[in-house]
Every structure is written in C-alpha cells, then in structure tokens.
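Undergrad: Let's have the full structure, built from the sequences with the hints guiding it.
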Amino acid sequence: MRFKLTPQNTSFYGQFATLATHIRDAAHLLQATVEGPPGEWQTAARRLKELEHEGDEATHAILSAVNSSFITPFDRDDIYRLAARLDDCLDHIEASAEIMVLYRIGELPAAVAEQARVLAEMADLTLEAMPGLEKMHNLREFWIAINSLENDADRNYRQMIAALFDGDRDAVDIIKLKELFDELEAAADSFETVANTVESIAAKES
Amino acid sequence: MRFKLTPQNTSFYGQFATLATHIRDAAHLLQATVEGPPGEWQTAARRLKELEHEGDEATHAILSAVNSSFITPFDRDDIYRLAARLDDCLDHIEASAEIMVLYRIGELPAAVAEQARVLAEMADLTLEAMPGLEKMHNLREFWIAINSLENDADRNYRQMIAALFDGDRDAVDIIKLKELFDELEAAADSFETVANTVESIAAKES
Amino acid sequence: MRFKLTPQNTSFYGQFATLATHIRDAAHLLQATVEGPPGEWQTAARRLKELEHEGDEATHAILSAVNSSFITPFDRDDIYRLAARLDDCLDHIEASAEIMVLYRIGELPAAVAEQARVLAEMADLTLEAMPGLEKMHNLREFWIAINSLENDADRNYRQMIAALFDGDRDAVDIIKLKELFDELEAAADSFETVANTVESIAAKES
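Taken in order, these protein sequences are the chains called A, B and C. Take 9 as the starting number for the first sequence in the working numbering and just add one per residue. Take 9 as the starting number for the second sequence in the working numbering and just add one per residue. Take 9 as the starting number for the third sequence in the working numbering and just add one per residue.
No lab work stands behind these hints, which were simulated from the structure alone. Given the structure is predicted, the values throughout are model-derived calculations rather than measurements. Heads up, some of the hints might be wrong.
As the list claims (entries may be wrong) - The list that follows gives simulated cross-link-like pairs (lysine-lysine, DSSO-like), each with its CA atoms no further than 30 Å apart:
| id | chain 1 | residue 1 | chain 2 | residue 2 |
| --- | --- | --- | --- | --- |
| 1 | C | 186 | B | 184 |
| 2 | B | 186 | C | 186 |
| 3 | A | 186 | B | 184 |
| 4 | B | 212 | C | 143 |
| 5 | B | 184 | C | 57 |
| 6 | C | 57 | B | 186 |
| 7 | B | 143 | A | 212 |
TA: Have a look at this one:
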C-alpha cells in the first residue's frame, strides 16, 4: 500500500471549494437574473449552463481523485455522496433559470426574488463551510444555519403556492409558475441535503 | 475497541419502534382527515406537521446513536438507510395533508379515502414489523404484505388518474387533484421502499 | 469462508444480461408503439407491464444471488446499485406507455418518436455493454456514447417543452403531454445513471 503525502490529500478540500465556488457564482447570478428584466434571462440561462458544466467537471475531478487515491481524507463513499449532492445544488439552480426561459414565463411574483436571495445565502454558507471539512470545525453551525434558511424557503414556497391557487389565475400560468417554484424549492432542499451529508460525515469522524 | 452491552444495542429497536409509531399515528390521522369535513383539514395538517417534527427527532436520535456506538445491531449504513426511508413515509403523509389545505382542494373523490386506508394499513404493518428486526423474524411476511398493499394503491392511483382525465374537468382542478394523488402514491411507494430495505437487511443477516 | 467456483460467479453477468435484454425489448416496443396508431397503445402497455414484471424478477434474482454468495465479482453494494438502476430504466419506459393510455393522449408530437428512438439506442448500447462488466472492457466507450445520447434527449426534451408553451394549446393537453415528456426524460436520465454507475464500478476495479 502506497501512502500519499499530505499535499495530495488536501487537494480534496480544494476541489470541494472549487465546486462550491461554482455553486456560489450560480446562485448569485440566479438572484441577479430574477431581479432583472426578462430580456436578459436567456443570456443568464446560457451562462448558468456553462457554470453547470464547470461544476460537472469539478465533480468528475473529485471522483477521479477518489478512485486514484489509496488514502482519502474521509470515507470514500462519503466523498462521492458529498460531491454528488453539491452537484445537485448547481443543477437545480441552473434548471430554475432554464424553466424561466423555456416556459416563457412573463412576470415573476415578488416572492421569487426572496427565494433566490435565500439560495444565494445558502450558497455563501456552503462555500464558507468547505474549509471546515479539513479540521471538521464549525460544521454544526453550518448545519443549523442551512436548516434555518431551508425553513424560510419552505415557508416562502408554501405562501407562493397558496397565492397561486388563490384567485382566478389562468391554468397555463399556474403550470408554468408551479414548475419554477418547485425547482427553486428543490434547490433549497438540495442545500439542506448537503448540510445533512456534511453533518453525518462530521459525526462519523468525531 | 469498546464493546457496548446488550441493553445499549437493543435501544436501536426501540428507536425504530418510536419512529414507526409516529408514522402509524400520522397515517391514521390522514385517514380520519380525508374522511372528515374540509373545515377540519387545517387543524389536522398542523398536527401532522408536529408529528413530522417528532419523526425528525426520532430519526436524528437513531443517527446519533449509530455514530456513538462502536457496535451496531446491523450494518451502520443499513441503519441510516432504514431510518431515512421510514422518515420519507412520514414526510409524504404530512405533505398530502398540506396539499389539501394549500391548494384549497374543495372536495375529494371517494377513492382518496380508500388510498388513505391502504396507507394506514401499511403503517400498522410497518409498526408491527419493527420488533422482528431484532430476531430477523417474520420480515418476509411483512415484505409480501406491503407489496400486495402497494399493488392495491397502484391500481387505485391509476383509476383515479384515468377518472381525472375522463370528462370535462377544469384544468386547475386537475392540477390540484393530480398533486394530491401523486403525493399519496409517493407515500405508498415509500412504504414499499421501507419493506425492500428491511428485506435486504434480513437477507444480508440471514 | 467458502469459495464459490467461477461458474457460480459468472452467473452474475448472465443475470445482468437478462435484465438488460428485457430493457432492450421494452425500449423497442415503446418505439414501435409511439410510431403506431393509438388503438394499439393499450395492448402494448399491457405487454410492457409484463416486461416490467420480468425485469423485477431478474432484479430480484440478482439480489438473491448477491446475498447467497460469499464472493461477488465486484463490490456487493455496487451490484445492488447497478441492478436497481437498470430496473429504473425499465420502470420509466413502462410508465411512459402507461401515461399515453391512462391520460388518454390523442395525438403525439413528432418529437416523441425521436425521443423513443434515442431510448431504444441507449437500451441497445446498455445490453451490449453488459459482457464488458466481466473483463471491465470498453466501458469507457459505453459511458461516452450514453452521455452523448442523453445530451440529444435533453435537447429534444427542451424543444418539446418550449413548443408546448409556444401557442394557444389547451391547459389539459399541456398537463398530459408534459407528463409524458417528463417520463421519457426520466427514462433517458436513468440510462445515464446506469452508465455513471458502470463507470464508477470500472474506476474502482481498475
């Protein structure tokens, strides 16, 4: 058995930080997009597609590194799982912008901007938590903060859905907006899943 | 390596039973709710939200116990998986009641009560199966019974969907009811996933 | 510890090939169905339901073999995962035909036949890849080919969705067709997941 030197192993943390940086960029771009005019959505959606591809590459780099390392900083399956769950966040953020364009959504309820703001904050916290993986520090605070934000997103989601069915809104509009709300909700859930994954890793290692 | 005494280890079974008790209570409350007047749905949905939180705590207690035990009654990852899958059942039951309230569904087709009855029976069987985990007894019967009930739920679901599109029903009503039918179906599926998880654990341990 | 002889172990590969054969048959039947008249959909859907059951049996045979073998050709959990992911492909193909019948879809956009053609090609490649599991040969080519087809399916899906909302289509028709498009997309995704699972197994074993 060959023992890799520390620099090799710490590269895992750097790779997770790279992936989390793409997520942070994507979440902030989504926030700017939903606050901006519909005429700019297509350009933003294209840029988010690029960020998604960069995220796929970062995820793939992590999986390759796992497979070629004899020693990994934490459990091999947990590295897989965490990379896949981070990738999910990016996918749902990108898909939200794509729905806005594909479904030709004309106008967004104000609550969508609030939802995007929560996602941007979740992405900031996730990026900040990555260095903590190395020393297993402050991960409990991360978990608590993400769960609190997810509760905000959940409350906001329920209000958006209730408002959608409260009135005489056209059925096609309901279909379109519900699809967007569900995708934003899936994005928030995916950050919670990342936090739960991080917490379970920290619990095992402690 | 420190060996935990038996009492410590058997607490896992008690914790699974606690979680399954919350699921049983939730499923029976859902059944009573769909059979009751819409005016009482909101109160029931609130109580189901509480049961969901109690379920989250029970799930979390199992995960903490796994992480602090050197010896677990069966494979650590299987304990994780079973706890998470049981938690899914509760989540889908709670979400069904929430949809009824949020989407302002006015009247339920009669088949919804039948679907809730099947879920209540699945929840009863799941609770009854928990002690079997300790001795790995009667788990095959549990698996067969749940699969049979899931087939009933599936047939019922298909009939509800066909009826939804057979006629001149309003599109917004279709959207609302389809969301409820899908959530009830997801609940039935989650019980089947629990049964499959239990069966794969039993197969490994036998 | 008892060591099984090689013939016993190679039966795993045969079982995976059996499962992949059912998937291949199902995908080609779906393609013929969407290209045929609606009057024949019900018969096809019934035959697909049978293929799904045969797939369940093949999956179950793999899981039983895993549990009764002391030595497995590759990691036990990976065998589970691959069998379950193959089974998902079959489920989504069957569900697509069921939606066509249940939702009383009258006429299919031409792009649906193209989507079914991509699925049939994915199923052919998947069946051809199964023997490669034994020697871990040509699995990289399989992964690349499936990913390329999944990109085609994705592009096609986005065009179908955009066309659905581009015009004055009736809301109920949108609901029905969107359900079918989503299920076909889920089928394509499930083949990509199979390819990713195969790739991760190959990476570990190499």
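Undergrad: Now tell me if each hint is right for this structure.
TA: Hints, one by one, checked against the model:
1. C/186 with B/184: Given that 30 Å is the threshold and the Cα spacing comes to 16 Å, the pair holds.
2. B/186 with C/186: 13 Å, holds
3. A/186 with B/184: With Cα atoms ~11 Å apart, residue 186 of chain A and residue 184 of chain B stay inside 30 Å; holds.
4. B/212 with C/143: With a Cα-Cα distance of about 27 Å, the restraint between residue 212 of chain B and residue 143 of chain C holds, given a limit of 30 Å.
5. B/184 with C/57: 28 Å, holds
6. C/57 with B/186: Between residue 57 of chain C and residue 186 of chain B the Cα gap is close to 22 Å, so the pair holds against 30 Å.
7. B/143 with A/212: Roughly 27 Å separates the two Cα atoms, so the pair holds.
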